[in-house]
Amino acid sequence: METTRGGGREDDGKRTVFLLAHTGRPAAVRSAELVVQGLLRNGLGVRVLAVEAQDLPLPPSVQTVTDVTPAVVDGCELLIVLGGDGTLLRGAEISRASGVPMLGVNLGRVGFLAEAERDDLDQVVDRVVTRAYQVEERMTIDVLVHSNGDIVHTDWALNEAAVQKVSPERMLEVVLEIDGRPVTGFGCDGIVCATPTGSTAYAFSAGGPVVWPEVEALLMVPISAHALFAKPLVTSPTSVLAVEVQPHTPHGVLWCDGRRTVELPAGARVEVRRGAVPVRLARLHRASFTDRLVAKFALPVQGWRGAPN
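Under our numbering, read the sequence shown as residues 1 to 309, first letter to last.
Hints are supplied without guarantee of correctness; some may be wrong.
[What the hints assert, rightly or not] Cross-link-like lysine to aspartate or glutamate pairs, in silico, DMTMM-like; alpha carbons within 20 Å at most:
#1 K231 <-> E177
#2 K14 <-> D74
#3 K231 <-> E136
#4 K296 <-> E117
#5 K14 <-> D119
#6 K296 <-> D119
#7 K231 <-> E244
Derived by calculation from the structure, the hints in this document are not laboratory data.
Using the sequences and the hints, build the whole thing.
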């Protein structure tokens, strides 16, 4: 995980920030308005998607773009995302493809990908204006789907790639493989292959461990497995994880970050390895992940006295 100073590309000498918001939420609309006003007041340019601009009270000086491609952030030094986990993951898609850092403001529930909360908007604007932020690279995973010996689908994920059953009445029969060697097989509801960043997402709900973001590793977490040995596995970041859907089982489905999906025919093989391209996250705080974990989950730490002097 690499950290660099804030800053970035400029467009015709003027600093520009791209704003992505979940405009279906009134809180996001109001938050977007406040952020835009603060950035414009300090001389920064703002760009938004035209489809979102229709729902936002924006001045004419705000740029709008129609195509939802990584090119929308060309010339922008930062991508600010206002919303819940789904909106943040949508922003991560743009950030990864463009290399522009993403700064998330949580308007949802937990929001581990977010760097700030709704009450921090003034601070967010101030830190962006003064470039008082760092950029941290988060590990991703690359995903290949094989069928009958051919690669039929390629994908990636910041949090996880989940192989899941489709039929509620039938289990998915799978065999797990690490680095070309079989580990175990069983019937289950699914398998989650996750990054450390994703350890607090779907993998956490499935009973996987919490992994600190600076730990480079890959996770494989079974979902409701019918087996004595069905423990979460933590492997080297250079490992290749594979999930083979058995030929006699009903077909499954692959979900990447809960946003992109593809059907897995019986006999399909899903391979997961460390991603070639990271996602860059803008960080405002140097607080430890431990403090973030305690805050996000409201963990009980009353009575802690700290290490003895």
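Hints and how they fare:
Restraint check: the Cα-Cα separation between K231 and E177 comes to about 14 Å, which is no more than 20 Å; the hinted pair holds. Proximity of K14 to D74 is assessed by CA-CA distance (about 13 Å); at most 20 Å being required, the pair is judged to hold. Annotation: proposed proximity of K231 to E136 is violated, straight-line Cα distance about 31 Å (limit 20 Å). Annotation: proposed proximity of K296 to E117 holds, straight-line Cα distance about 11 Å (limit 20 Å).
A distance of roughly 28 Å separates the Cα atoms of K14 and D119; the hinted pair therefore is violated under the 20 Å criterion. The suggested pairing of K296 with D119 holds, with an alpha-carbon distance near 15 Å, which does not exceed 20 Å. Taking the CA atoms of K231 and E244, the gap is about 17 Å. The hint holds against a cut of 20 Å.
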